[in-house]
Structures are given as C-alpha cells and as structure tokens.
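Single-letter residue listing:
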Amino acid sequence: MKRVITLCTDFGIADHYAGVMKGVILGINPDAVIIDITHSIPKFDVLTGALTLSSSYDYYPEGTIHIAVVDPGVGSERKPIAMEADGSYFVGPDNGLFSMIFRRSSNKRITEITNTDYMMNHVSRTFHGRDIFSPAAAHISMGVNINELGDEVSSPVTLELPEPVVLPGRVTGEIIHLDSFGNLVTNVPSKMVKSGSEVFVGELSLGAPKSSYGSVKRGELLCIVGSSGYLEISVNQGSAYEALGRELQVTIVMD
Amino acid sequence: MKRVITLCTDFGIADHYAGVMKGVILGINPDAVIIDITHSIPKFDVLTGALTLSSSYDYYPEGTIHIAVVDPGVGSERKPIAMEADGSYFVGPDNGLFSMIFRRSSNKRITEITNTDYMMNHVSRTFHGRDIFSPAAAHISMGVNINELGDEVSSPVTLELPEPVVLPGRVTGEIIHLDSFGNLVTNVPSKMVKSGSEVFVGELSLGAPKSSYGSVKRGELLCIVGSSGYLEISVNQGSAYEALGRELQVTIVMD
Amino acid sequence: MKRVITLCTDFGIADHYAGVMKGVILGINPDAVIIDITHSIPKFDVLTGALTLSSSYDYYPEGTIHIAVVDPGVGSERKPIAMEADGSYFVGPDNGLFSMIFRRSSNKRITEITNTDYMMNHVSRTFHGRDIFSPAAAHISMGVNINELGDEVSSPVTLELPEPVVLPGRVTGEIIHLDSFGNLVTNVPSKMVKSGSEVFVGELSLGAPKSSYGSVKRGELLCIVGSSGYLEISVNQGSAYEALGRELQVTIVMD
Numbered sequence: 000m001k002r003v004i005t006l007c008t009d010f011g012i013a014d015h016y017a018g019v020m021k022g023v024i025l026g027i028n029p030d031a032v033i034i035d036i037t038h039s040i041p042k043f044d045v046l047t048g049a050l051t052l053s054s055s056y057d058y059y060p061e062g063t064i065h066i067a068v069v070d071p072g073v074g075s076e077r078k079p080i081a082m083e084a085d086g087s088y089f090v091g092p093d094n095g096l097f098s099m100i101f102r103r104s105s106n107k108r109i110t111e112i113t114n115t116d117y118m119m120n121h122v123s124r125t126f127h128g129r130d131i132f133s134p135a136a137a138h139i140s141m142g143v144n145i146n147e148l149g150d151e152v153s154s155p156v157t158l159e160l161p162e163p164v165v166l167p168g169r170v171t172g173e174i175i176h177l178d179s180f181g182n183l184v185t186n187v188p189s190k191m192v193k194s195g196s197e198v199f200v201g202e203l204s205l206g207a208p209k210s211s212y213g214s215v216k217r218g219e220l221l222c223i224v225g226s227s228g229y230l231e232i233s234v235n236q237g238s239a240y241e242a243l244g245r246e247l248q249v250t251i252v253m254d
Numbered sequence: 000m001k002r003v004i005t006l007c008t009d010f011g012i013a014d015h016y017a018g019v020m021k022g023v024i025l026g027i028n029p030d031a032v033i034i035d036i037t038h039s040i041p042k043f044d045v046l047t048g049a050l051t052l053s054s055s056y057d058y059y060p061e062g063t064i065h066i067a068v069v070d071p072g073v074g075s076e077r078k079p080i081a082m083e084a085d086g087s088y089f090v091g092p093d094n095g096l097f098s099m100i101f102r103r104s105s106n107k108r109i110t111e112i113t114n115t116d117y118m119m120n121h122v123s124r125t126f127h128g129r130d131i132f133s134p135a136a137a138h139i140s141m142g143v144n145i146n147e148l149g150d151e152v153s154s155p156v157t158l159e160l161p162e163p164v165v166l167p168g169r170v171t172g173e174i175i176h177l178d179s180f181g182n183l184v185t186n187v188p189s190k191m192v193k194s195g196s197e198v199f200v201g202e203l204s205l206g207a208p209k210s211s212y213g214s215v216k217r218g219e220l221l222c223i224v225g226s227s228g229y230l231e232i233s234v235n236q237g238s239a240y241e242a243l244g245r246e247l248q249v250t251i252v253m254d
Numbered sequence: 000m001k002r003v004i005t006l007c008t009d010f011g012i013a014d015h016y017a018g019v020m021k022g023v024i025l026g027i028n029p030d031a032v033i034i035d036i037t038h039s040i041p042k043f044d045v046l047t048g049a050l051t052l053s054s055s056y057d058y059y060p061e062g063t064i065h066i067a068v069v070d071p072g073v074g075s076e077r078k079p080i081a082m083e084a085d086g087s088y089f090v091g092p093d094n095g096l097f098s099m100i101f102r103r104s105s106n107k108r109i110t111e112i113t114n115t116d117y118m119m120n121h122v123s124r125t126f127h128g129r130d131i132f133s134p135a136a137a138h139i140s141m142g143v144n145i146n147e148l149g150d151e152v153s154s155p156v157t158l159e160l161p162e163p164v165v166l167p168g169r170v171t172g173e174i175i176h177l178d179s180f181g182n183l184v185t186n187v188p189s190k191m192v193k194s195g196s197e198v199f200v201g202e203l204s205l206g207a208p209k210s211s212y213g214s215v216k217r218g219e220l221l222c223i224v225g226s227s228g229y230l231e232i233s234v235n236q237g238s239a240y241e242a243l244g245r246e247l248q249v250t251i252v253m254d
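Chains as they are written, first to last, in numbering that gives the first Met the number 0: chain A, 0 to 254; chain B, 0 to 254; chain C, 0 to 254.
Fair warning: there could be bad hints in the mix.
Footprint (simulated), chain B over chain A, 3 or more residues, beta carbon under 8 Å [as the list claims (entries may be wrong)]:
no.	region
1	17 to 31
2	58 to 66
3	69 to 75
4	127 to 133
5	161 to 175
Result set (DSS-like, lysine-lysine): computed pairs, CA atoms no more than 25 Å apart in a straight line [what the hints assert, rightly or not]:
no.	chain 1	residue 1	chain 2	residue 2
6	C	K209	A	K78
7	A	K107	A	K78
8	C	K1	B	K1
9	A	K216	B	K216
Because the hints were derived from the structure by calculation, they are not lab data.
Here the structure is a predicted model, which means the values were calculated and not measured.
Note that the Cβ used here is the ideal one computed from N, Cα and C, for glycine as well.
Given only the sequences and the hints, what does the whole structure look like? Please build it.
Now the structure itself:
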C-alpha cells in the first residue's frame with residue numbers, strides 16, 4: 000500500500016542503523032515511500048528533534064507516517080508510542096519528541112505500543128528504531144489502526160519550550176535553534192513583530208526586520224522573518240552564529 | 000504520475016529544509032521518485048553546484064526534473080527559472096547554476112516562474128526551494144508545460160568557467176574541483192591530452208597519464224583521466240589535496 | 000520491475016558519485032526502489048564496508064540487490080563480481096566486501112561480471128560504481144540471471160576477521176567497530192557471554208553486562224549486548240570512544 004513514511008533520528012549517516020530501519024519497513028510494506036527528514040539531530044537532543052519534526056510534518060500529505068527516534072531512554076521504562084494527529088501519524092519514544100505536534104493538533108490520539116504482533120520477533124534493548132518503531136510505522140502504513148497497537152496514553156511527556164516575554168512595547172526572546180547556514184532562529188513568532196519594530200541583539204541594534212537577505216551588504220547582520228515563521232538573526236551570505244554565538248537575548252522594541 | 004525529481008542544494012543534511020521540499024513535492028505528485036544528488040554543496044558556492052549538476056544530469060532518464068538550489072540571492076530580484084533542455088528539466092534560481100547545461104544543449108527553452116498557481120500559497124523571502132522550486136518541479140512532473148509557468152527568459156545568467164590555455168605542444172590548466180577523496184579535477188578535457196604527454200604540477204613531473212590508480216604505489220601521486228572526462232591529479236589510496244593543496248597550475252607537455 | 004536496490008559506498012555525500020549511480024539504475028529500471036545504506040564508509044576501508052553490509056542485508060526483503068563499492072583497486076586486475084546468496088543479491092568488487100555474507104550463506108553462487116552487454120558503453124578506469132556495478136544491479140533487478148553476467152568465481156577474496164580467544168572461564172576479544180554514538184563493538188557474540196560474567200576493559204571492571212543503557216547513571220561506562228548481537232562497550236548518553244579510545248582488550252571472566 001503506497002504511503003509515505005519519514006525518518007528523523009540522531010543515528011547519523013555513517014552507520015547501518017537507518018538503512019536497517021528501511022529494510023524492516025520494506026519487508027512489511029514493499030510499497031512504502033521512505034523519506035529521510037534527517038539523521039543528523041545532535042545525539043540525544045530531544046528538543047532539536049522535536050523542533051525539526053514540528054517544522055516538517057505539516058508539509059507532508061495527509062496520512063503520512065513520521066518516525067522520530069532521538070531516544071536516550073531506549074530500553075528503560077519510557078514508553079514506545081504511536082500518535083494520530085489531524086490525519087498524520089507519528090511513531091517514536093514518549094519523551095517529548097512529539098509534544099509540539101500534540102499541543103497544536105485538535106484531533107489526536109496516542110497509544111502505547113505493546114502489541115508484540117507488530118514488533119520484530121526479538122526486541123533488543125538498544126535499538127527500538129529497528130525492533131518497534133519501524134514495524135509499527137510499516138503496519139500503520141498497511142492500514143493497522145493505532146488502537147490495535149496498545150492502550151491509550153492520556154498524559155504524554157511534553158517539553159516546555161521557552162516562551163518570549165511580552166511587555167508593553169517590547170518583546171524579549173531567545174535563540175532556540177541554529178541551522179547549518181548559521182542562522183539563529185528565535186522563539187518570537189512573526190505575528191509579535193509589528194511594523195515599525197526595532198530589533199536588538201543584546202545592545203546591538205539590527206534595525207527593522209528586513210525583507211530579504213540581500214537588503215544588507217554581503218557579510219552584514221540582519222534580522223528577518225524566517226521560513227518557519229519566526230524571527231531569525233542572519234548574515235547575508237555568511238553565518239550569524241560565527242558573528243555572534245548563540246547565547247543571545249533578542250529584544251523587539253515597538254513604538 | 001511517475002517521474003524522477005532530483006535535488007542538488009547547499010542546505011546540508013542536518014536541517015529540515017530538504018525534507019520539507021520532499022513533502023511539498025509528494026503533496027503535489029504522490030508518485031514522484033525523489034532522488035538526492037547532494038545537499039552538501041559548499042554554502043553559496045554556485046560554481047560547485049553548477050559543476051555537480053552538469054556531471055550528473057546526463058545519467059538520468061529523459062524527462063527527469065532536476066531542482067538545484069544554491070541561492071545566495073533568494074528573495075532579491077534574481078529570477079526563479081525553469082528550463083527544458085534536450086528532454087531534461089531544470090528548476091532553480093537564475094544565477095548561473097544551469098549555465099553549463101544551457102551552453103551544451105541544442106534544444107532548450109527557459110521561462111521565469113511567475114505564475115502563482117504553481118507556487119505555495121504563501122511565498123517566503125528566504126526559502127524558495129520550498130515555496131517556488133519544489134512546487135514548480137512537481138507540477139512539471141504532472142505534465143505542466145514550462146510555458147505555463149511564465150514568460151520566456153532569453154538571456155539567462157551564465158558563469159564563465161576558466162578555460163585551459165592551449166599553446167603549440169603545451170596545454171595549461173587549473174583545478175576546478177576537489178572531491179571528497181582528495182582528487183583534484185582540472186579543466187583539461189581528455190581529448191586535449193595526446194598520447195606521449197607529460198603532465199607537470201608546477202615544476203613536478205607526474206609522467207604520462209596513468210590507466211588506473213593502481214599503476215603507481217600506494218600513497219604516490221599520479222594523473223589520470225577521471226570519470227567525468229577531465230584530467231585529474233590523484234594519490235593511489237590517498238588524497239592529492241593533502242599532498243599538494245589545490246592552488247595548482249597543471250601543464251601538459253606534448254612532443 | 001519493482002525491486003529494492005541498496006547502496007553502500009565510501010563515496011561520501013558531497014560529490015555527484017552516488018547520484019550518478021542512481022541515475023544509471025533508474026535509466027535501466029525505472030521502477031527500482033533505491034535505498035542508501037550509507038555512503039560514509041571510511042575511504043578505502045573494506046573491512047568496515049563488509050561489517051556494515053553484513054549488519055544490514057538480512058533485514059531486507061528477499062530478492063533485494065545490494066551494491067557495495069569500497070574499491071581501492073578499481074581499474075586494476077581485481078574482479079567485478081555479482082553474488083546470489085540465500086535469495087539476496089550482491090554486486091561490487093572482489094576484495095572481501097562480501098566475505099562475511101559468503102561465509103554465512105548456505106546457498107550461493109558468484110560470477111565475474113565480464114559481459115559488456117550489461118555495462119555502460121564506455122567503462123572508465125576509475126568509476127566502476129557507475130559503469131559496471133550499477134548497470135549490473137539494475138539488470139539483475141530486471142530479471143537477468145547472474146550466470147549471464149560472466150563465468151563463475153570459485154575462490155572469492157575473503158577477509159579474516161579477528162576471532163575472540165576462548166579459554167576455560169575466559170573469553171578475550173577486541174574492538175572491531177566504532178559507531179557514531181561512540182559505542183565500541185567487540186567481536187564477542189552474545190552467546191559467548193554466560194550469565195554471571197564479569198567484563199573487563201584492560202584492568203577496568205565494567206561488572207556484568209547490563210540490560211539497558213539506563214542501568215547506569217548518565218555518563219557512566221557499561222557493557223551491553225548490542226543490536227547486532229555482539230558485546231559492546233558504551234556510555235549512557237555519552238561516548239565510550241571518548242572515554243577509552245578504541246585500542247582495547249576486552250575480557251569476559253566467567254565463574
């Protein structure tokens with residue numbers, strides 16, 4: 000049955016781990032269309048995994064199944080879970096990886112994966128990506144209802160993202176993500192940035208948010224509403240991270 | 000509709016950017032076969048992007064659509080374009096990425112992508128890979144003619160590649176690409192290398208081009224006609240870049 | 000014809016090499032499902048390639064074709080080969096890459112690829128991945144019998160893996176692989192580790208093998224049976240390689 004299954008892990012690309020997951024999936028559903036979101040989440044960094052997934056899943060067609068594995072607690076008592084949320088599916092550890100999606104979705108359901116019919120015959124204590132999550136996703140892609148995987152989970156683990164501090168005429172945010180271009184992504188959504196705003200990084204003014212990287216000269220700092228809808232600090236054809244580091248307070252001052 | 004769509008970008012593999020593009024494509028054409036050429040073009044390095052693409056596209060079946068995004072001018076006045084050239088399709092920014100292909104093709108047509116019917120509803124100023132190029136490629140894969148995307152572009156931006164200097168009995172070239180093995184690819188095509196040639200890197204003679212890496216001992220330098228048809232400087236089971244750097248003048252002396 | 004073809008190489012992901020192989024495959028079999036195991040085998044490291052492949056192939060459905068290219072001898076007299084082993088197919092250089100699979104399989108056959116009908120028209124001396132191995136795999140995926148590729152190879156090149164030394168009450172092993180988490184994989188299979196065992200790294204006792212990473216505190220060393228069935232040395236949420244290096248003798252002492 001043709002269905003898209005995506006992978007988002009901290010396994011890296013040098014080892015066989017991601018490749019083995021794909022083999023397991025194709026063994027159960029030969030028509031699965033497997034797509035890598037990334038395997039380069041920093042090791043054990045659940046928050047970056049959660050942010051990457053929450054920036055991606057919404058661009059996929061309805062019915063897509065997203066496997067996410069950043070799983071420092073593998074083999075311990077943390078639960079393996081499957082979630083259906085507004086027509087998309089998610090499979091992975093119950094450690095907060097899916098908390099932004101859970102919070103954002105109106106129609107959702109989570110089950111603990113306990114039904115061994117939908118696991119590998121032998122389940123290791125170190126590689127649930129292969130033994131539990133890939134088979135569960137593949138079976139969901141074949142039409143298995145997530146209710147068949149196990150009992151409902153009513154209180155999944157959720158991560159707290161730092162929220163911007165809003166005062167009259169002023170919003171103060173922080174950097175929550177650094178991308179490979181060196182763009183510094185803040186936690187300030189574009190709707191909080193009124194026209195006539197001036198943006199400060201610490202004491203340094205970057206002026207008003209710009210409409211494109213090319214609004215400043217090559218190598219100069221700017222702020223801009225990034226592609227995920229949050230204010231970002233960038234350098235035109237360069238790296239804001241190299242210029243500033245990432246431990247920054249960002250303040251938007253409005254008239 | 001089954002069609003191959005390839006991606007060649009400088010987005011890296013750690014972020015969600017390439018994954019998001021794939022979601023957009025599959026949302027428009029669920030039967031697209033998406034293939035990564037690479038996402039590791041050095042950031043903003045349009046020339047390396049152009050060389051990588053021009054070394055790849057010709058091995059793909061007719062009708063393949065190649066998306067290339069190395070786009071320092073995103074959101075500025077540079078045009079988003081689509082090209083049909085000898086039965087292959089190309090989508091990306093008009094900054095020279097496709098200039099080698101344009102120059103090489105006998106039957107070609109370029110249009111500026113302006114028709115918003117074939118873009119995301121909201122087009123950001125920082126991520127045209129997601130908002131313009133992926134939708135355009137996916138719609139082309141569904142049979143949309145590139146004429147429907149916008150008006151014809153008659154003078155696309157072209158890059159000038161350094162050409163080898165040909166004198167009687169002597170050709171002087173330079174290194175235009177370094178691969179991950181440390182092979183140094185020159186701009187001297189194999190047809191300029193006559194039998195009986197002697198190759199010099201600066202003052203150092205490498206003798207005649209060899210027929211395989213194994214023609215010299217492990218760790219020794221050699222020159223050889225590489226897989227793209229250009230003379231390369233290599234080390235058997237080692238890195239010519241580590242041995243020599245890449246700022247080299249390469250001279251072929253013929254009898 | 001729908002068939003899975005996997006790729007395992009040392010080509011890296013920055014260059015066009017893997018992308019070109021995929022184009023060649025899709026040109027011969029448009030319905031091939033191409034999956035990357037990895038392209039990040041350390042350059043010329045045939046043993047790591049062999050271990051990665053032997054940890055992966057068994058999770059793929061019957062009939063899958065695995066291309067492996069770690070090929071320091073490309074263009075020399077080493078043979079290009081195709082192997083059928085217990086219903087899976089393998090294509091690559093005859094340099095030991097497939098020796099673990101050959102040793103493990105009960106029903107197998109190897110042929111040298113010499114039939115130019117199943118190669119690219121022009122075969123380079125530096126890129127058999129493109130010119131010989133990809134076309135051979137694609138033709139096999141279309142139903143070509145490996146006997147049609149060339150004559151049988153009776154004595155393929157095999158690698159010798161270091162075996163653990165077994166003495167009464169004691170097994171001594173070594174590290175044969177380091178993964179990207181910093182886990183140190185030994186050559187001691189789980190069946191050699193009796194209950195009541197104590198594991199030593201050099202003089203340092205790690206106690207009995209643990210049942211999960213979380214059995215010790217974050218940052219502490221442990222030993223555990225890893226997902227491939229071998230004893231591994233790990234750090235809970237950290238890197239055993241950073242703690243210990245990889246030049247280790249591992250001793251399991253049983254009562």
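Hints versus structure:
no.: 1; hint: 17 to 31; in the structure: violated (count 0)
no.: 2; hint: 58 to 66; in the structure: holds (count 4)
no.: 3; hint: 69 to 75; in the structure: violated (count 0)
no.: 4; hint: 127 to 133; in the structure: violated (count 0)
no.: 5; hint: 161 to 175; in the structure: violated (count 0)
no.: 6; hint: C/K209 to A/K78; in the structure: holds, 19 Å
no.: 7; hint: A/K107 to A/K78; in the structure: holds, 18 Å
no.: 8; hint: C/K1 to B/K1; in the structure: holds, 13 Å
no.: 9; hint: A/K216 to B/K216; in the structure: violated, 50 Å
Checked against the numbered hints given earlier, this structure breaks hints 1, 3, 4, 5 and 9; the rest are met.
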